[in-house]
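2 protein chains.
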Amino acid sequence: MKSAFPIKLSLTILAGCMLSAGAIGAQTLANDPATLARIRDSAMQEDWAYARLADLTDLVGPRLSGSAGAAAAVDQVAAAMRKIGAKVTLQPVKVPHWVRGAETAELVDYAGRPAGITQKVVLTALGGSGATPAAGLTAPVIVVRDFEELKARAAQVKGAIVLFDVAFDQEMAERGHAGPAYGRGSNFRVNGPKVAAEMGAAAALVRSVGGADYRIAHTGVTGLVDGARIPAAAVTAEDAMLMTRLSARGPVKMHLTLTPQTLPDADSFNVIADLPGGDKADEVVIVSGHLDSWDLATGAHDDGTGVAAAMAVIDTLNKLNLKPRRTIRVIAWMNEENGTQGGKGYFEANKDKVERHFAAIESDSGGGRPFGVIGSVRPSVVKYFAPLQKALEPIGASMFDRRDVTGAADTSPLERAGVPVFMPLVDASSYFSYHHTPADTLDKVNPLELKRHVAVMTGLTWYLANMDESIGRTPKRDD
Amino acid sequence: MKSAFPIKLSLTILAGCMLSAGAIGAQTLANDPATLARIRDSAMQEDWAYARLADLTDLVGPRLSGSAGAAAAVDQVAAAMRKIGAKVTLQPVKVPHWVRGAETAELVDYAGRPAGITQKVVLTALGGSGATPAAGLTAPVIVVRDFEELKARAAQVKGAIVLFDVAFDQEMAERGHAGPAYGRGSNFRVNGPKVAAEMGAAAALVRSVGGADYRIAHTGVTGLVDGARIPAAAVTAEDAMLMTRLSARGPVKMHLTLTPQTLPDADSFNVIADLPGGDKADEVVIVSGHLDSWDLATGAHDDGTGVAAAMAVIDTLNKLNLKPRRTIRVIAWMNEENGTQGGKGYFEANKDKVERHFAAIESDSGGGRPFGVIGSVRPSVVKYFAPLQKALEPIGASMFDRRDVTGAADTSPLERAGVPVFMPLVDASSYFSYHHTPADTLDKVNPLELKRHVAVMTGLTWYLANMDESIGRTPKRDD
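So the protein sequences, as listed, match chains F and Y. Positions 772 to 1250 (the working numbering) are the ones given, in order, by the first sequence. Positions 772 to 1250 (the working numbering) are the ones given, in order, by the second sequence.
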């Protein structure tokens, strides 16, 4: 496909070779500094990704799996990718279909309560929560700090509403460890209700996993199973603290109403948009984000920016008339939030083609400032990325953070099967303040950072799609 | 009452005189540095105010005028003040009784809307709002930036839902001008719906007046009148921006349901707690905060901290066995938020005793860090406060900000009649992020700052209650 390059670009490549070939090794389609610079600079001048993000969040809005929003998002993204000439396929996937109902709670008794007074508790059901009776249930509230305390108080748990009051460590997030801070908190959200249910709790509450202090509840999936699907909700940090304080004064009783429904699985789709490759067209580089969002917000950071930036990879390359050697496959995954059926479905359908997946990029840490890339490659492979790092230096995104496993969600079956996975390395220090809340809206996305995001994603995708070196399989590959 | 001083204190006063009388003028009960230091240090070690604030916010919670919470707050504060030996009277006041109902909104049509999609709008009714029909109303949304644009678009306003999309200037608040920033924004909240109603609007929306970006709605009073009481609500900043963006794409239509009720005026009370004076007992120094709050939150900053700190003035002096010359009158005002009937009622009942009001202190800017005091005194009077400023220096609260008018709400009838009004000068840069939202909760109050607040309020009250100099009337006094 090299013959398709316009003359001007070919000359630029030659000039680049003369200047730097000695310094950075043999010049190839992937590591040509001039091309990488053009990709970066073009991305930094384009508003296309932001326009797609605005369409997705403002016109469609929330898009939880199974909802009308999710279906509209599939149509919108497919149409946008067809419009720029990508080869679009919709891969059917069956997804959970959980719908939020009424959600109210009040503290109806506590020590020191004046006659006639109850205290409202702000909460939101967790994805997968069971329901109370329509008129609600009333039960004592038992506040615990961890699973050990829960077990030590087993006798009180039966028939009670258990609250896991575990604060999100925002300081840890601000020190650059947003992911581990989230992991610590979400452990209680994911596993707490299930464990409480097994111990006979009437319902389970978790303190919202996130750093905001504006009395907003952060939803998210919980790991309940049919047959023990108790009502489960996230209360705001403020309300968790209130219940802890009131519990220190004496017994606390809550009236709780949650009426979500778990409907039969719904039909949905991964949106797959290919930019066919040249001499290595049978090898694939995936670049992706997830299309579904939680129902409370319009999912701008989670994961509108990931989808929009992935979409913009093809747009950016098209505008520069750049043709990759390997096939670039943009995927807007369905159902990352509550089932990852999109990622699992893709893997099932492509099990026999795993070796043809050169690499997979997944962006799902929000649209904060990117500092570089994360990759699950062997240590010996990192040096091959030096030219890409150099090209991203002018936008401050030259870091390469090698890991054995990235922890990406939708591409995790591929990663487990040995496909190296890459993610943009972004500033996520405020990500978990908005994530899974009603406040994850378009205005939170800085258009400049989204441009940087597109520059990183496109530069990385182009690099992977054209490199001569083999990056092999992940360090964890069992082979 | 000087004879009631314990011997130890009298000796301290004498010692203080010997050390510093030459530097700061004649030693008096007011300006004795040792006593002022003891007040300051005692306040900085006491948790009594925080305990009262916790009782008010955790046990009673929201306390909008006319509500069960307001009544419970009256009882709680009166009991607490009786318990520390204050002479408590409940002054009856008739207050507005407005109650929130259902409040939901969605954008049911807009350019680019996918079939079956509507967008939820987060809002909260403004105090005094009228109601839509129970099933809601549907009307076009007209977005305006100011009253000029509203008037220029008069033909479109009739039958429409008018949105005033005016952003709160958080930067201005952070530069130290929180009050003026709030004034600019609240102009639209207070006057916008009334003007829109006069022009035939079906309903009026304002962008929330506050600096938070967590999709929370800030309520507050609006100036609607009977006969033209249209539905009026505050939308979140995010939702205002969404409607503005969608309006740029084409016409926007909203379905709006607000069902608040304006009930007959209710019976309520100012809580008045006196610490009787000595040789000047017929002169009064008021120290106050307002007891009512908005219904969305527990009113910790607005104005729990003001009430708790005012209450603690008597507690602090009692614990030091200090007896003032003038009568110290703690007032927990009722109905500051939506009528100021408490302040007006007190003035009406005390019209013939205005000259006996030496000064009035009102704290209603939240419990942020205090830097000193604000006072509506004549310029020539400021120098009398030097000993107080010196005593507050070790806690960083030595500023004296003289003004012709303070702008305090409940004490404004007194101030207009010539009574000098004082307020703590506090850092209010984040106050309007929480103010009038569900997030104004106890956890937002820093216990250390509340101690500083008590130190400033008690030092200032003691000073005013004992000074020899006359501070006269306000600069604006018409005499």
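By construction, these hints were calculated from the structure, which means they are not laboratory data. Just to be clear, a hint being listed does not mean it is correct.
What the hints assert, rightly or not - One side only, chain F facing chain Y, incomplete, derived with CB under 7 angstroms: (1) 854; (2) 856; (3) 859; (4) 863; (5) 885; (6) 917; (7) 947; (8) 985; (9) 986; (10) 1012; (11) 1210; (12) 1212.
Backbone N, C-alpha and C define an ideal beta-carbon position, used for all residues, glycine too.
Right, here's what the structure says about each hint:
1. 854: violated, 14 angstroms
2. 856: Since chain Y brings no Cβ nearer than about 22 angstroms to residue 856 of chain F, farther than 7 angstroms, the hint is violated.
3. 859: Violated: closest Cβ of chain Y sits about 17 angstroms from residue 859 of chain F, beyond 7 angstroms.
4. 863: Status violated, d = 20 angstroms.
5. 885: Hint holds; residue 885 of chain F Cβ to chain Y Cβ min 4 angstroms, cut 7 angstroms.
6. 917: Check failed: Cβ of residue 917 of chain F comes no nearer than 21 angstroms to chain Y, outside 7 angstroms.
7. 947: violated, 22 angstroms
8. 985: holds, 4 angstroms
9. 986: holds, 4 angstroms
10. 1012: Where the cut-off is 7 angstroms and the nearest Cβ of chain Y is about 5 angstroms from residue 1012 of chain F, the hint holds.
11. 1210: The hint holds - residue 1210 of chain F has a Cβ within 7 angstroms of chain Y, the shortest such distance being about 4 angstroms.
12. 1212: Residue 1212 of chain F check passes; min Cβ-Cβ to chain Y is 5 angstroms, inside 7 angstroms.
Of the hints listed earlier, those the structure fails to meet are numbers 1, 2, 3, 4, 6, 7, in rising order.
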